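Chemist: The residues making up each chain are set out below.
2 protein chains.
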Amino acid sequence: MRVAIDAMGGDYAPDEIVLGALQAAKAYVNDDVEIVLVGDQSQITQALERHGNGKESNITVHHASEVIDMHESPGAAVRKKKDASVVVATSLVKQGHCDVVICAGSTGAAVAAALLGLGRINGIERPAIATPMPNLTGTTILLDSGANVDSKPKHLVQNAIMGAIYAEYVLNIPSPRVGLLTIGEEESKGNEQVLATYPLLKQLNTVNFIGNVEGRDIPKGTVDVVVCDGFVGNIVLKFGEGLAKAILQLIKESIKTSGFLTKVASMLVLPALNGLKKKLDYAEYGGAPLLGVNGGFIICHGSSQAKAIKNAIRVAKEFTEQDVVAHIRETIAKEGVVTHEGN
Amino acid sequence: MRVAIDAMGGDYAPDEIVLGALQAAKAYVNDDVEIVLVGDQSQITQALERHGNGKESNITVHHASEVIDMHESPGAAVRKKKDASVVVATSLVKQGHCDVVICAGSTGAAVAAALLGLGRINGIERPAIATPMPNLTGTTILLDSGANVDSKPKHLVQNAIMGAIYAEYVLNIPSPRVGLLTIGEEESKGNEQVLATYPLLKQLNTVNFIGNVEGRDIPKGTVDVVVCDGFVGNIVLKFGEGLAKAILQLIKESIKTSGFLTKVASMLVLPALNGLKKKLDYAEYGGAPLLGVNGGFIICHGSSQAKAIKNAIRVAKEFTEQDVVAHIRETIAKEGVVTHEGN
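Chains as they are written, first to last, in my numbering: chain A, 1 to 343; chain B, 1 to 343.
Some hints here could point you the wrong way.
Which copy is meant is left open, so a pair is good if it fits within one copy or across any two.
Said to hold, decoys possible - Result set (DMTMM-like, lysine to aspartate or glutamate): computed pairs, CA atoms no more than 20 Å apart in a straight line:
{"#": "1", "residue 1": "Lys189", "residue 2": "Glu72"}
{"#": "2", "residue 1": "Lys278", "residue 2": "Glu253"}
{"#": "3", "residue 1": "Lys202", "residue 2": "Asp11"}
{"#": "4", "residue 1": "Lys154", "residue 2": "Glu187"}
{"#": "5", "residue 1": "Lys26", "residue 2": "Glu187"}
{"#": "6", "residue 1": "Lys277", "residue 2": "Glu185"}
{"#": "7", "residue 1": "Lys334", "residue 2": "Glu318"}
{"#": "8", "residue 1": "Lys334", "residue 2": "Glu168"}
{"#": "9", "residue 1": "Lys220", "residue 2": "Glu253"}
{"#": "10", "residue 1": "Lys152", "residue 2": "Glu187"}
{"#": "11", "residue 1": "Lys189", "residue 2": "Asp69"}
{"#": "12", "residue 1": "Lys26", "residue 2": "Glu186"}
{"#": "13", "residue 1": "Lys26", "residue 2": "Glu192"}
{"#": "14", "residue 1": "Lys245", "residue 2": "Asp15"}
{"#": "15", "residue 1": "Lys82", "residue 2": "Glu125"}
{"#": "16", "residue 1": "Lys277", "residue 2": "Glu253"}
{"#": "17", "residue 1": "Lys334", "residue 2": "Asp69"}
{"#": "18", "residue 1": "Lys279", "residue 2": "Glu241"}
None of these hints come from the bench; they were simulated from the model. All of these numbers come straight from a predicted model, not from anything done at the bench.
Using the sequences and the hints given, assemble the complete structure.
Modeler: Okay, here's the thing in structure tokens:
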């Protein structure tokens, strides 16, 4: 298996990307995982020399002369910069040299590169980012978490099918519970988009649709796959990230400002707190697959450091081993009639 | 000042509503606050006898024979049940007998009763629920948090104006920072609704518009008023409530399952944790005003207990004292031209 990593994308590129690749290369050395670092050859080589030992036989470098900046218009940048690291990494998959791309750079550019380079699976009109979110008992997949906004009902239906496949094959949840994110449990609660989606989801044969879910159902863990528009999903994702961080900060501050005994006590409680922090840390989850394109594509948080990249390589590995793309292709073909209804 | 409380609305009505009213009556006995409990006379009187001492001269009961159930269609129920507690409470304000309504029953029915009973402020097309959310440094107002979905850009503009007034006069934030909730900081990031709203917000004279904000800005406290569609706001609100609850539960569990020393330590840390819980508890905030109708109307969480109702009465008091309705009326008239642009 070969993973193409955009070594130039993300706040800490290339050093942390290279470091993560080195950690994964060591961890998966017996698993036949080969890592291809794509980007400026001299920068990557220098980073490898700084952090590696020169013995990593399962890491190679593939030169790409350009980089897409966070502030560039994604579609235009991907079209113009044909030698951008993310574009070249994607073409390695397209050409069959690699199985899956990993990118921590601009999400917009990543989605555009994947769409242009790999194309969509037949029957899927818009790909979706499927982000794992921790809940009280495990993990909930939220999709779309930011690839597309103003989705039509049929796009949400496609999200439901893809999310269920990912949850089943990669998270090992048999018959995952799929819910439609809205503002009340009753079928009549929601905006126009959601009201038109509900009856379409009910008609699906391959999806265990449990009906409407509300915001509070995500952390509760009463649903495995939450279907929503990328506008809503992205807001929820970033709000959750910020809220978790704020709560942990408030706990630490309230411990700091309290008396001596509490301070001693808190030192003993800190390990528990750090365990919780780990549970809530996106770096542990590594990356979120872009579902619906013809090939593996894992999108990482812009501030990914080595640990996140290492874990993204694990996600890429599982995604490829489980052949998620083929499962989506087959299921979409089976459900074809329904997904093309709606407006 | 007279507050009309729907004593029959909410999961714990009438007992907890009556209990909250009794606590507020005691706390505000010198503030000239009179509380009118609206609903089934015998049930309310019995609750008053159970929890009160018969000496509450600032509490009266106003009989209403009907109740609107959580599962009834709000508009139809309000029209049909003319003697429903929430309808009667609203009419007490309409007729000038009371200044403000408090309701913990069905939010949909509350909004419908307010719209039908009080009408909209001239220039406001859709009222909005302005919910206070705790952040690292204080409070952020989120509106709309569920009164309306599929809002047009001009409705979001009206939300911005109303939210700024509430933050300034009730939360005492001078020149509150108003942000538009979307998926990126740049003006170009968002769905159709948000992209069309941005230029309209820039044109406002009375609003300190700081541009786009993301989900993570709410807990960070980098914005005082967050403007969004009621669909998005309601999902964010319920997700945040659920996530905060889940995190506190996880901390308590991880302390429970750890060793003896940690358990002792945790007993000392628990007060800090409970302080945090208080900060995150909606009951402390009491209620969220429905802005844009011709009169005071405070909406409470369905599971409000006495403390929430008592605090809602404080919110109702401040809302009335600060004459928020008059300020909205004046400002909307001033900004009139802009709010009627857009589509």
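Chemist: Which numbered hints are broken by the structure, listed smallest first?
Modeler: 3, 5, 6, 7, 12, 13, 14, 15, 17
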